[in-house]
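Student: The chain contents come next:
There are 2 protein chains.
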Amino acid sequence: MATIGSHLQGLSLIGGQRGAAGGARFSGVNPANAQTLQPEYFSASAEELEQALQLAADAAAEFAALEPARRSQLLRTIGEMLEAARGDFETLVPLETGLPKARANGELSRTIGQLRLFADWLDQGDWLDPRIDHADSARSPLPKPDLRSMMRGIGPVAVFGASNFPLAFSVAGGDTVSALAAGCPVIVKAHPAHPASSERAGLAIQAALKQCALPPGCFSLLFDAGTALGSALVRDRRIRAVAFTGSRQGGRALMDIAAARPDPIPVFAEMGSINPVFVLSAACSNRGLKIAQSLHASAVQAVGQFCTNPGLLVIPTGSAGDALIAELTRLFVETPAAPMLTASIAARHDQGVDALSAFAGVNVLVRGENTQGQAGASLLTVSAEDFLRQSELQMEVFGPCSLVVRYDDVAVAIAISHALEGQLTATLMADDEDSSDAQSLLEPLTRIAGRVLMNGVPTGVEPIHAMVHAGPWPAASEARSGSVGTAAIERFCRRVCYQDIPDSMLPPMLREANPLNLARLVDGKRVR
Amino acid sequence: MATIGSHLQGLSLIGGQRGAAGGARFSGVNPANAQTLQPEYFSASAEELEQALQLAADAAAEFAALEPARRSQLLRTIGEMLEAARGDFETLVPLETGLPKARANGELSRTIGQLRLFADWLDQGDWLDPRIDHADSARSPLPKPDLRSMMRGIGPVAVFGASNFPLAFSVAGGDTVSALAAGCPVIVKAHPAHPASSERAGLAIQAALKQCALPPGCFSLLFDAGTALGSALVRDRRIRAVAFTGSRQGGRALMDIAAARPDPIPVFAEMGSINPVFVLSAACSNRGLKIAQSLHASAVQAVGQFCTNPGLLVIPTGSAGDALIAELTRLFVETPAAPMLTASIAARHDQGVDALSAFAGVNVLVRGENTQGQAGASLLTVSAEDFLRQSELQMEVFGPCSLVVRYDDVAVAIAISHALEGQLTATLMADDEDSSDAQSLLEPLTRIAGRVLMNGVPTGVEPIHAMVHAGPWPAASEARSGSVGTAAIERFCRRVCYQDIPDSMLPPMLREANPLNLARLVDGKRVR
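Protein sequences appear in the order of chains A and B.
When we follow our numbering, the leftmost residue of the first sequence carries the number 1, and every step to the right adds one.
When we follow our numbering, the leftmost residue of the second sequence carries the number 529, and every step to the right adds one.
Next up, chain A with everything else stripped away, as it sits in the complex (with noise of 0.2 angstroms):
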């Protein structure tokens, strides 16, 4: 057994203190050769949640009220003890995950840029949406009362974070910066994939509330070698609110519980899609080859465990769409198999491959070796008509799989769109020539993701103010937001209106002489 990161002591995080060793034990495991990695995680105990909850219930009064830029100090501090961390994440990412080191180097910093685009904008303020109607004593028949209102955070959120982004959607991603951002006490449970970069990074928040003298109980970490815990967190009346990043399975059955409870809570669960990729014809005879590089590359770049893989490659037939698929066949065949995140996530790609293969009128093209962890690249192909009577072809394989669709004219294209399920991203690939049969599909590819692309590739989620990373169901439990973006923070705020308050009673954003300088909509315009 490798014993890694000597600081870390394989407990939960409970407020400002360490959890109690005692309960279930697991291990985290290196994919790359299936050791059991050190220390060993101990589970937390329905005393430790006990506490977490109440701590985080204790804490979100003062902690919605703070000034933003007491929170912006807070996620500009978590940032700078992470990038204190790096060296750490450089051995525990890889080691737990069997992805690089360069990109354990790249997810942190994209994770830290988050903190500090998330500061930036709690700083600049306009998430608050400031709004004062004035008074107006002489309206008949009634006078008209002072009114303001303002975003406030709800109270304590849940923050489930995902197997494949061990860094950036998981204990200091997207979820748990945007819920701290909007004062919003975070109570992470960990997943049980990456427990001791879960663990450095939960460290890193709880030194910044610190150093920052800001509430211990704003931030709590959860080891649990099950789903008992999470459930039990989800159900409890303190929590106000559920972020989720992973499968369907899992984020249905939080949804389940969320609605279930006595008070319901909103749960913000980003699901996966199958992110449709649109080649159109002039684009294909024009550069075929290129954009099967690009489309292969963004396949199984991180053998293929993003939420924004392209998983259906839309193809038109004919010769030009033949050399297209001749290279992207010898591109898939070319792919070395590699160590997926964990045993169990590569099973069920094998499986997943295999049930896609199985369906009516599917083609392997490329099957990739599934052996020991490891996955291979796998392509299929399957005509359009056998695509349009088979909604189970819509399955997401999470994995380096995908399945290549063809079709003979746009009608058969535009007919796809209408039929695809919710999706994180629809992609376009499209040369002038093709601007009319791209002009058809935009509607309808808006209407079904979150995000629409041009002659890109849908993986890379840039984390600044216009992303989405959400789409129609299945794709997010809710599509308004996601957790990338800072109108991420939104999720977790209501607003809160007051009526008739004396100025000096009212929190600095909405007074009178607008100390903050905030922009705000007073009386119907939008004045600082």
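It is possible that part of the hints are untrue.
Simulated crosslink set (BS3-like; lysine-lysine; CA at most 30 angstroms straight-line) [said to hold, decoys possible]:
#1 B:Lys672 - A:Lys101
#2 A:Lys144 - B:Lys818
#3 A:Lys144 - B:Lys629
#4 A:Lys525 - A:Lys144
#5 A:Lys101 - A:Lys290
#6 B:Lys818 - B:Lys629
#7 B:Lys629 - B:Lys1053
#8 B:Lys629 - A:Lys290
#9 B:Lys1053 - A:Lys525
These are computed hints drawn from the structure, not numbers from a lab.
Quick caveat: nothing in here was measured; it's all calculated off a predicted structure.
Use these hints to put chain B onto chain A, whose structure you have.
Tutor: Frame of chain A, contents of chain B only:
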């Protein structure tokens, strides 16, 4: 039987058409004399539901992609059509609801004002929140793409109107208006307590769509004698969100149906509350009688049939509080019984007063007579101690009934605020000498309520930008905005993102030249 409204036919409106006669029949009833009203109403058939749904689905893409100015024109035209029907509503509303003609007039004006407010807001454009992050081809390690996003309607919305606002929270009320504003076709399930007012308002919307040359499928109005049609509506995959105003039981039933769908959808349910009013000691001493008068007027207005009715009055012990309660008692005793909206609402009110009265420690100060659909005003009282140990005393009794809780120290008032479940409103009655106590209560009240007010009454919900008509569970299913105020639009939108889409193919709101002159977030800065 009285025949009202000669052009009313008792038939559903299916897009631009009339439904057929044939389904189960029901009738409006005049609560003042229990007389059955004409015309008789026919429940929509399953085929008519299917037609309405398919028309809505077919219209959704065009409606969502319209320039917002086309939809603001629609809203203004609906307002004009409603104004033209003012004489009809002056007759219909009092007959069906027992509410006076002046209320019908005032509520119609409010409804028309709300349409204008949303129309102005569409024209102003802030609701789209357009965001542009420009490309940076020189960025390393990877070029940064061009990303642009904005809000867009989510698709057909099912609306269930309230019994107690036959115009402002019904067919052409805040839910319908905000969904149409967002670009979502609407199917309204008419409240059976005011079918004629519903039909008349539906005809106005139908006529406005025709005049504006918009797809008639953007609006349907369905009648049903029971609840099966509404359940089927919420279950249908073409419906993308539900809006509801009514009882907790009704809202929860729709939430459970929506959550159990293969593709769960959001339900925005406003389910009422008891709207606590905290009278602080100096205010009680200085002007207790005036406070009693304003609380009484608010509590019995429209026979207490407001979601924001002050159902819980938290009043100091001692002689000033005694005097306030004596005045309240006098006023409640003198309040004449009046017809409630329906006989079943009156019966539930009567049962509710009985149920509250039966709890340990509850004393009945005034028990209104409840006979034949008429309700008198009831005033009950209980000690803080008994209130705090029986959470069931927080039950809403819809109608003219208030429960007085006595407290002897502000710490007890704060304990009450902490014990309360979510509320639409919470009110402080406070004078200058109370400012420290008021400050202590403001934060806990903000935590439980959508709107906190001082020295006013909670009834009277201004349809204006800063308003919040929602609150934490059980006041609302989702506390983010509510159906009143322009933020209501956001409930029916999702953010869509365009990556590297050529300028000419983008919606005008996102084109580089900003042809609609919107305030946009460009590279993190708000610019026009």
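Student: Hints first: check each against the structure and report whether it holds.
Tutor: Status of each hint after checking the structure:
no. : hint                 : verdict
1   : B:Lys672 - A:Lys101  : 22 angstroms, holds
2   : A:Lys144 - B:Lys818  : 20 angstroms, holds
3   : A:Lys144 - B:Lys629  : 22 angstroms, holds
4   : A:Lys525 - A:Lys144  : 18 angstroms, holds
5   : A:Lys101 - A:Lys290  : 28 angstroms, holds
6   : B:Lys818 - B:Lys629  : 28 angstroms, holds
7   : B:Lys629 - B:Lys1053 : 50 angstroms, violated
8   : B:Lys629 - A:Lys290  : 72 angstroms, violated
9   : B:Lys1053 - A:Lys525 : 18 angstroms, holds
This entry does not satisfy hints 7 and 8, going by the numbered hints stated previously.
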